[in-house]
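Peer 1: As you go down the protein sequences, you meet chains B and Z in turn.
The C-terminal position of the first sequence is numbered 1659 in this note's numbering, with every residue numbered one higher than the one before it.
The C-terminal position of the second sequence is numbered 238 in this note's numbering, with every residue numbered one higher than the one before it.
Everything labelled a hint here was simulated from the structure, so no lab data went into it.
Check each hint, because a few of them may be wrong.
[As the list claims (entries may be wrong)] Okay, the calculated beta carbon distance ranges per label pair: (1) Val41(Z) / Gly1575(B): 39 to 45 Å; (2) Gln53(Z) / Pro1201(B): 33 to 39 Å; (3) Thr43(Z) / Gln1401(B): 34 to 40 Å; (4) Lys1237(B) / Asp211(Z): 36 to 42 Å; (5) Val41(Z) / Lys1299(B): 30 to 36 Å; (6) Asp37(Z) / Gln1404(B): 30 to 36 Å; (7) Ala1488(B) / Pro44(Z): 25 to 31 Å; (8) Gly45(Z) / Thr1580(B): 32 to 38 Å; (9) Asp37(Z) / Asn1146(B): 25 to 31 Å; (10) Asp211(Z) / Lys1299(B): 16 to 22 Å; (11) Val41(Z) / Ile1236(B): 38 to 44 Å; (12) Pro44(Z) / Lys1299(B): 40 to 46 Å; (13) Leu1296(B) / Ser231(Z): 44 to 50 Å; (14) Thr43(Z) / Gly1301(B): 32 to 38 Å.
[Unchecked claim] Cross-link-like lysine-lysine pairs, in silico, DSS-like; alpha carbons within 30 Å at most: (15) Lys1261(B) / Lys109(Z); (16) Lys137(Z) / Lys1489(B); (17) Lys195(Z) / Lys1425(B); (18) Lys201(Z) / Lys1527(B); (19) Lys1527(B) / Lys109(Z); (20) Lys1547(B) / Lys1527(B); (21) Lys1427(B) / Lys1261(B); (22) Lys1489(B) / Lys195(Z); (23) Lys1489(B) / Lys1354(B); (24) Lys1427(B) / Lys141(Z); (25) Lys164(Z) / Lys1570(B); (26) Lys1489(B) / Lys109(Z); (27) Lys1489(B) / Lys1427(B); (28) Lys164(Z) / Lys1489(B).
[Claimed, not checked] Selected chain B positions facing chain Z (in silico; Cβ < 10 Å): (29) Phe1143; (30) Ala1147; (31) Phe1160; (32) Asn1235; (33) Ile1236; (34) Pro1254; (35) Pro1258; (36) Leu1330; (37) Arg1346; (38) Ser1364; (39) Pro1473.
Where is the CB? At the ideal position from N, CA and C, for every residue including glycine.
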Amino acid sequence: MARKLPRKDVAIVGFGWTGSILAHELTDAGLDVVAIERGPWRDTASDLSITYAQDEWRYRLQHELFLRPAQTTVTFRNNASQTALPVRNFGAFMLGNGVGGGGLHWNAETFRFLPSDFVVRSHLTERYGADFLPADMTIQDWGVTYDDLEPHYDQFEYLCGTSGTAGNIKGVVHDGGNPFEGPRSRPYPTPAQKQGYGHTLFADAAKQLGYKPFPQPSGNLSQAYANPLGVKLGQCTFCGFCEWFGCANYSKASPQTTVLPVLTRKSNFEVRTESEVTRINVDRSGKRATGLTYVDSSGTEWEQPADLVLVCAFQLFNVQLLLLSGIGTPYDPQTGQGQIGRNFTHQTMSTATGFFDKNKYNFNPFIASGSIGMMIDEFNGDNFDHSKLGFVGGGYIGQVRTNGRPLESMAVPPGTPAWGAKWKAALRDNYLSSIICGGACHASFYSYRDVYLDLDPVYKDRFGRPLMRMTIDLHDNEIKMSAFLTDKYAEILQQMGASQVVKQPRRGPYDVTDYQTSHLCGGAIMGEKPDSSAVNRYLQSWDVPNLFVIGASAFPQNAGYNPTGTVGALAFWAAKAIRTQYIKNPGPLVHA
Amino acid sequence: MYRLTRRELLRSSALALCLISPAARAAIVKGALPWRPGANDAPQVVTPGGWHFFTPQEAASVEAFVDRLIPPDPDTPGGKDCGCAVFIDRQLAGPYGRNEAYYMLGPFQDGTKQQGSQSPLTTAQRYRKALAALEAACREKFAGKTFADLSDAQKDEVIGGLEAGSFKLEGVDGIDFFTQILTDTRNGFLSDPIYGGNKDLAAWKMIGFPGTHYDYRDWIDRHNERVTLPVVGISDHPNWAQ
């Protein structure tokens, strides 16, 4: 029997980027807020040491800062005819755990989606005709536009201090930035980071081929910065241990380096760590959330009543919590009906490896930041004519290599034996003069009727709750797109002077052991209508109006960029709706 | 564990509160950013000498094996002298060997390659089984000799056979074992020396990785130059006190 705690105005599930932004905004509005976090407390001074942060075995290979499957996992199958089995060790994606969530150990690539990404179905239908899309593709418009979100992208970038070169300020295109981006109201808060040799060579080659390269927008800061909350960040030192690691140097934007120093001082806020929310409680009508039930690390169960519940966990766990709490209608892939679990997507990643003459090229790959790099956007979204290509979608292409960490940098030319003297010599001869870059082609993953999430019928977590079941595979559209983008990237590597280029386009079947970013999206998507979305344009549950579900779980499909910029913008967008509309008049913000 | 009464008590306090116990238990953070420099655990450093997981017989096989996967050459020692077997031994004796991070609840059943390993055995248990099977197979094929007793050419024949699936082990998937020990050997060779491999930073010196420098701002603009900084590991850091 749960012990009942005193009521709060707001209870938040999960304390990463979205939880900390919402907590900050709503405590500013005077509300009493508690956040419940599954993992441990973490802050820079206590947990991240310059002395031993650069430990690839511990943090990259053993995933020390991440959720481990022993705590909870998911099950996976490629299609409904297979039996889903548990992911016993994470591989294809890595999930955050603890204060800061993935924001503590991300690479900090901080993008905006294209204006057309938010209206993708209408846009593609208008340009190519209604029959152009595959019949089983379930892409939808978001219910929110780029113009709606622009002020909130700006808020997130200025919170983080994002370093970049603007390509479009109020409709005026600027050289050196991304000419395809939506108009931004002002420049990036800090100038773009400096670039290494390989990144610069990529930009030169891309220009020679007629493209317009630009620096990757980076949450590893090019210079010291004080954000609007008064929190200060330092200059990135290009240590090359960014994603998978925490930054001990206060130079990577994270909840820890941008929000928490201010938020944790507020008297109307607290976070409870090592406490896992097991259920969203609803009243008998099923239309009102009454609070949360959680279990702390001693096994004690607590009930936290609250007037407003915000679900801010990682995408998979947002969806799982809705399903376990009986909120909304589970998606049924047979009928296409139901909302919770539909439009589950990931990211379509591919690359090519370039081997260069070691006597002429020394890339010093270890001199890098998490979001260093030069890229092109000519083949992202619908920036190019798809009418004769046989696919829709696209991605950025870039030399965005983030590190030369040895365990992740063992590329040897094809034909090299896997062991023995020849392998050893090839490793020695190619480490400094090869370009390996897992994220070189970072592309969209559109939604399909048969790619979805539901509760597993067999496997349970440590509380006996069903695990989330992923049913996911790559479709022809994404496979064709990946081959196209990989060819374009390979051409640029050739132009850079590579003596050998090995293409690695994404192919099916989807493999849960093969890392392809942690950008899982959808399952509790936002939209214009309650029959085809879980939350409205303000991320408010259609079924339970005092419940908001915030994060990449709201993406109806995934675009060709890293999602965190859009996740941050959506968090500020939802916060504004709660502050300016919901608090005054609690109830549905959109009437279906 | 902090119970409700303690929570209420603390809520009334005006002081900055930090309730993070060293054991990382459920805690409340309220009123200030807890600040405890260096509170996190430093990595466990491998001490040389003896074997923590392997029997002497197993250790001899693994040392012989890793020295063929990464053979010595005039410039750089091989897997054995770089400590790859020590790295594997210490890892198998710890959380890695026990699969502590893994989801290990049943039911266990084999799936597709894309679904990843579904073995109910831990990594340490699989090593123990595979090494016993390797010895048995070598004794049978090479007139009673152990793997470590074989000539280099014979060792390479066994390893190549495991890789190709043609050298069979009783009750053990030889390709899986080959993949596992190859991955572990490479990781030991190229990890920080605090874990027992990469002795004297030999592997990092070989490839040209300068190690755990925290600041390359002076080098970011120096394109296509060989970095001349000394090669360092975690224990070379001035703050390292172990």
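Peer 1: All the hints need checking, so say for each whether the structure fits it.
Peer 2: Here is how each hint holds up against the structure:
no.: 1; hint: Val41(Z) / Gly1575(B): 39 to 45 Å; result: holds (44 Å)
no.: 2; hint: Gln53(Z) / Pro1201(B): 33 to 39 Å; result: violated (59 Å)
no.: 3; hint: Thr43(Z) / Gln1401(B): 34 to 40 Å; result: violated (60 Å)
no.: 4; hint: Lys1237(B) / Asp211(Z): 36 to 42 Å; result: holds (38 Å)
no.: 5; hint: Val41(Z) / Lys1299(B): 30 to 36 Å; result: holds (34 Å)
no.: 6; hint: Asp37(Z) / Gln1404(B): 30 to 36 Å; result: violated (50 Å)
no.: 7; hint: Ala1488(B) / Pro44(Z): 25 to 31 Å; result: holds (26 Å)
no.: 8; hint: Gly45(Z) / Thr1580(B): 32 to 38 Å; result: holds (36 Å)
no.: 9; hint: Asp37(Z) / Asn1146(B): 25 to 31 Å; result: violated (43 Å)
no.: 10; hint: Asp211(Z) / Lys1299(B): 16 to 22 Å; result: holds (18 Å)
no.: 11; hint: Val41(Z) / Ile1236(B): 38 to 44 Å; result: violated (52 Å)
no.: 12; hint: Pro44(Z) / Lys1299(B): 40 to 46 Å; result: holds (44 Å)
no.: 13; hint: Leu1296(B) / Ser231(Z): 44 to 50 Å; result: violated (38 Å)
no.: 14; hint: Thr43(Z) / Gly1301(B): 32 to 38 Å; result: holds (36 Å)
no.: 15; hint: Lys1261(B) / Lys109(Z); result: violated (41 Å)
no.: 16; hint: Lys137(Z) / Lys1489(B); result: holds (27 Å)
no.: 17; hint: Lys195(Z) / Lys1425(B); result: holds (26 Å)
no.: 18; hint: Lys201(Z) / Lys1527(B); result: violated (47 Å)
no.: 19; hint: Lys1527(B) / Lys109(Z); result: holds (22 Å)
no.: 20; hint: Lys1547(B) / Lys1527(B); result: violated (37 Å)
no.: 21; hint: Lys1427(B) / Lys1261(B); result: holds (22 Å)
no.: 22; hint: Lys1489(B) / Lys195(Z); result: holds (21 Å)
no.: 23; hint: Lys1489(B) / Lys1354(B); result: violated (66 Å)
no.: 24; hint: Lys1427(B) / Lys141(Z); result: violated (48 Å)
no.: 25; hint: Lys164(Z) / Lys1570(B); result: violated (34 Å)
no.: 26; hint: Lys1489(B) / Lys109(Z); result: holds (29 Å)
no.: 27; hint: Lys1489(B) / Lys1427(B); result: holds (22 Å)
no.: 28; hint: Lys164(Z) / Lys1489(B); result: holds (25 Å)
no.: 29; hint: Phe1143; result: holds (6 Å)
no.: 30; hint: Ala1147; result: violated (14 Å)
no.: 31; hint: Phe1160; result: violated (12 Å)
no.: 32; hint: Asn1235; result: violated (27 Å)
no.: 33; hint: Ile1236; result: violated (27 Å)
no.: 34; hint: Pro1254; result: violated (22 Å)
no.: 35; hint: Pro1258; result: violated (14 Å)
no.: 36; hint: Leu1330; result: holds (9 Å)
no.: 37; hint: Arg1346; result: violated (17 Å)
no.: 38; hint: Ser1364; result: holds (4 Å)
no.: 39; hint: Pro1473; result: holds (4 Å)
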